[in-house]
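Protein chains: 2
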Amino acid sequence: MPFAFTLLASDPAGARLGRIETDHGAVETPAFMPVGTQATVKTLSAADLEEAGARMVLANTYHLYLRPGEKLIDELGGIHRFMAWPRPVLTDSGGYQVLSLAELRRVSDDGVEFKSHLDGSMHSLTPEKAVSVQLDIGSDIAMVLDECTSWPCGRAEAERAVARTTRWARRSLDVCGPRVRRGGYERVLFGIVQGSVYPDLRERSAAALVSCDFPGYAIGGLSVGEPKRETFDVLARTAPLLPAEKPRYLMGVGLPEDIVEGVARGIDLFDCVLPTRNARNGAVFTSAGKLVVRNAAYARDERPLDPRCDCAVCRAYSRAYLRHLFNAGEMLGPRLATYHSVYFYLHLLSDMRQAIGEGRFAEWRRAFYESYRANDAQPDR
Amino acid sequence: MPFAFTLLASDPAGARLGRIETDHGAVETPAFMPVGTQATVKTLSAADLEEAGARMVLANTYHLYLRPGEKLIDELGGIHRFMAWPRPVLTDSGGYQVLSLAELRRVSDDGVEFKSHLDGSMHSLTPEKAVSVQLDIGSDIAMVLDECTSWPCGRAEAERAVARTTRWARRSLDVCGPRVRRGGYERVLFGIVQGSVYPDLRERSAAALVSCDFPGYAIGGLSVGEPKRETFDVLARTAPLLPAEKPRYLMGVGLPEDIVEGVARGIDLFDCVLPTRNARNGAVFTSAGKLVVRNAAYARDERPLDPRCDCAVCRAYSRAYLRHLFNAGEMLGPRLATYHSVYFYLHLLSDMRQAIGEGRFAEWRRAFYESYRANDAQPDR
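Protein sequence lines correspond, in order, to chains E and L.
Residues 81 to 461, numbered by my numbering, are exactly what the first sequence covers, in order.
Residues 81 to 461, numbered by my numbering, are exactly what the second sequence covers, in order.
The set of hints was computed from the structure by calculation and includes no laboratory data.
Please note that the accuracy of each hint is not assured.
As the list makes no split between identical chains, a pair holds if one copy fits it or if it spans any two.
What the hints assert, rightly or not - Mimicking DSBU-like on lysine-lysine, the simulated pairs with C-alpha atoms at most 30 Å apart in a straight line are: (1) LYS209 to LYS308; (2) LYS151 to LYS370; (3) LYS326 to LYS209; (4) LYS370 to LYS326; (5) LYS370 to LYS209; (6) LYS195 to LYS308; (7) LYS151 to LYS308; (8) LYS122 to LYS308; (9) LYS370 to LYS195; (10) LYS195 to LYS151; (11) LYS195 to LYS326; (12) LYS122 to LYS370; (13) LYS195 to LYS209.
Since the structure is predicted, the reported quantities are computational estimates derived from the model, not experimental observations.
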């Protein structure tokens, strides 16, 4: 069915329960999207993602544009068929990776020129091209190209970025409007609010984008180095500027506790590489906190990664085995750790959805912190 | 139930259908054991192995002795629990890896002294220690330490190796006999026939070992560099020297066609790193031959790795996607390729078992070669 967002419940504490519908199925919100950078959530199969409870994944336009190329993905029937993932996919605009990975970037009103980090070839990404590349990749939700400010960011620079992000959002809509049906299913475009830490600029950015009537909105320019308090202050002021009947996406956030705080401030969608990237380095998230399973302390530990977790990894394998796999450089280590941490994130969100639906989110949040902070799973802390 | 081998059928062409029973379940033979070098079949989970049809896996004593150490595995309840694999496990003696991986080896009548390839520490492996390490690891089937000759091998050297292998086999039996119950299940010891390419030495080695009444026998010293014709000539002459009512294991062999030829000569058990090692490098085995999926030729190929395969990978993913994963250095590439190739080997064996049971192995073998040789899956061949 065509893209729709239904707000099912609002918790007194500010959290929202909702549902996004797409032609590739529904996503209950708040939801976490595992990051499938190069059309694969590193180490996991599509069947793993399904089994772990993922309902929407994120893929990176920058990476897929460079390799294998959006035209090839289009030719092969789009990203769902390419990565054997039948559920919704969201793509970013590519702008963030251009700024963080590519060299020789030049940002102008037209767009961004950059040098590929793979082979040094020159490319340009304009708002129009960011949309058309995402249409070829075939995501259900595409993001407009924005200018994401870093931190700290002077007011003049933040103001310029808001103006440019607004112009770029309008140019993006000129490509195909906020919704377009192609290849047998609907694609929608989300706008991105900028404005750094300046409340009036956030207001200005939000107002301009809301007048464009995007099917959904992201809050960008956060979690770029600023103190956590600042992140959540800006978030608390920005989220209410967005229409209640549209989904709100906090890009690139974050740790489990950041997601809890984002949900508390009315955010519906999250993505982050932390669970997958940390897992590949032998650090997993558990109900008791972060656990660095590659530590020698776990060499003889027969317990599962998280004794309160019922994922396929925790049901079968000990910390001692995981530690051995990492110690021996075995690929199964990153794979099992990734599966657990993705499962942990997805179930954290599903626990929150249940709590919101039952009007006890504030209580759930207190209980989460009691377990998560008090009993850090690392014995050496 | 205690270890037992039942010969269910003998094909006129020489192939045998049988069943090995162990306290960790039964294994229909001829069977292929995926190699789980460091207590993991690289990239695969225990659930994958089960799903792909594996019934027994091999683990390497040399690797596990060095890391994480057999005492740690024993402390954690043995290898089945450690790697979450509830079915039978066979371990090699460690001798082969000492000779191929370790430095500063000194072989004497007592055993082998060697320097760890991991940290340079000095160790010694005697026939007695090889058994006790395997008892600690907890395999269902342990192999005696043997002296494996390389190729070419002079007659005097081969004769010396047979004598030493015989003495070592007897010393191995002095540790715990050919069968021992420990940790709640039975462990058995297999002897290994040596003798290089010399028919009378093979006879002498087999006769000496058969008089020890091992529960099973391996044929060693083959596939060490000699021409294929020689391998199968020696095999054809050696297999009949072993008692028909005991399982016969051809160590470290081989390519799909080598296994077909081994089965034709009455072999019941096989192991080899080829399907898993090649897969990690982007080369898989298919019903039409070897396919190097990392080749650019597959960049736009929508077909599965093997259109005649019904494994989970072939049902979901295209060659183009696999090629992208390898090209992008994604771990999912080696993982999916490994799953397919292990599945291919396991189903090749199950096809052979069915053919033998129906008395049409010769016919099956002809059909296999028609497909396997005639239609190499590589378009660039």
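How the hints compare with the structure:
no., hint, verdict
1, LYS209 to LYS308, "neither (34 Å within a copy, 57 Å between copies)"
2, LYS151 to LYS370, "between (40 Å within a copy, 29 Å between copies)"
3, LYS326 to LYS209, "within (25 Å within a copy, 69 Å between copies)"
4, LYS370 to LYS326, "neither (33 Å within a copy, 52 Å between copies)"
5, LYS370 to LYS209, "neither (40 Å within a copy, 40 Å between copies)"
6, LYS195 to LYS308, "neither (32 Å within a copy, 52 Å between copies)"
7, LYS151 to LYS308, "neither (40 Å within a copy, 46 Å between copies)"
8, LYS122 to LYS308, "within (28 Å within a copy, 40 Å between copies)"
9, LYS370 to LYS195, "neither (37 Å within a copy, 38 Å between copies)"
10, LYS195 to LYS151, "within (19 Å within a copy, 53 Å between copies)"
11, LYS195 to LYS326, "neither (36 Å within a copy, 65 Å between copies)"
12, LYS122 to LYS370, "both (20 Å within a copy, 26 Å between copies)"
13, LYS195 to LYS209, "within (16 Å within a copy, 59 Å between copies)"
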